[in-house]
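> Chains as they are written, first to last, in the working numbering: chain A, 298 to 410; chain B, 11 to 124.
One thing to keep in mind: the hints can contain errors.
Here are some chain B residues pointing at chain A (derived, C-beta under 7 Å) [what the hints assert, rightly or not]: (1) Thr30; (2) Val58; (3) Gly109; (4) Ala111; (5) Gly117.
Derived from the structure by calculation, the hints contain no laboratory data. Owing to the predicted nature of the structure, the values given are computational and were not obtained by experimental measurement. Don't be surprised by glycine CBs; every beta carbon is placed ideally from N, CA and C.
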Amino acid sequence: NAGVTQTPKFQVLKTGQSMTLQCAQDMNHEYMSWYRQDPGMGLRLIHYSVGAGITDQGEVPNGYNVSRSTTEDFPLRLLSAAPSQTSVYFCASKRSFSGNTIYFGEGSWLTVV
Amino acid sequence: ELKVEQNPLFLSMQEGKNYTIYCNYSTTSDRLYWYRQDPGKSLESLFVLLSNGAVKQEGRLMASLDTKARLSTLHITAAVHDLSATYFCAVDSRAGQAGTALIFGKGTTLSVSS
Chain A
298 NAGVTQTPKF QVLKTGQSMT LQCAQDMNHE YMSWYRQDPG MGLRLIHYSV GAGITDQGEV
358 PNGYNVSRST TEDFPLRLLS AAPSQTSVYF CASKRSFSGN TIYFGEGSWL TVV
Chain B
11 ELKVEQNPLF LSMQEGKNYT IYCNYSTTSD RLYWYRQDPG KSLESLFVLL SNGAVKQEGR
71 LMASLDTKAR LSTLHITAAV HDLSATYFCA VDSRAGQAGT ALIFGKGTTL SVSS
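Chain A on its own, in the form it takes in the complex (with noise of 0.2 Å):
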């Protein structure tokens, strides 16, 4: 059981790249979200999704694309980097009408140049 999978860890993008942070979870959750975390700002909701075909914007969503196609994988797009998109980025998942407990991975470090 790995729980919530990202990658990559770690990158570097130039201005104008476009690139995407995986987002894996295998415990069969419906509920699955993106974060992203600057100092002083706290985490701040991108995307979120209840289940498979079904997204929803959040706090900041400007810049950012997300599809759902399977219950397993929730890819973060950014379709032409910035370097206001400097941050560390979250996924979470959570099962859905049961249990409390929601699953954060362990971030994907992005920084933009």
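Use these hints to put chain B onto chain A, whose structure you have.
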């Protein structure tokens, strides 16, 4: 729009002292979460508070929830150096879909010294 405010944002404590971190939120929510984060690490779940008047304790930490006041507290008793970390509270923003869309406070960075 749900807003979550924590205070203080920085807290320097002496070992053995007691202190309280406050978490206020602006609209009704199903539940409230407390997390701990060490530098460079992910979030560690401390407490999930589900109802008005809920109180949970683990070691030197005790959390409570007052839904009428929209206030949660995290009380630290007899602080020790190992409690040095950043503590976050978070609130569900989606009624009926608990845990999918959390709004976080900015965090309280706690430093405990001897």
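> Please go over all the hints and tell whether each is borne out by the structure.
Okay, the hints, checked on the actual structure:
{"no.": "1", "hint": "Thr30", "result": "violated, 19 Å"}
{"no.": "2", "hint": "Val58", "result": "holds, 4 Å"}
{"no.": "3", "hint": "Gly109", "result": "holds, 4 Å"}
{"no.": "4", "hint": "Ala111", "result": "holds, 5 Å"}
{"no.": "5", "hint": "Gly117", "result": "holds, 5 Å"}
Comparing the model with each earlier hint shows a violation of hint 1 alone; every other hint is respected.
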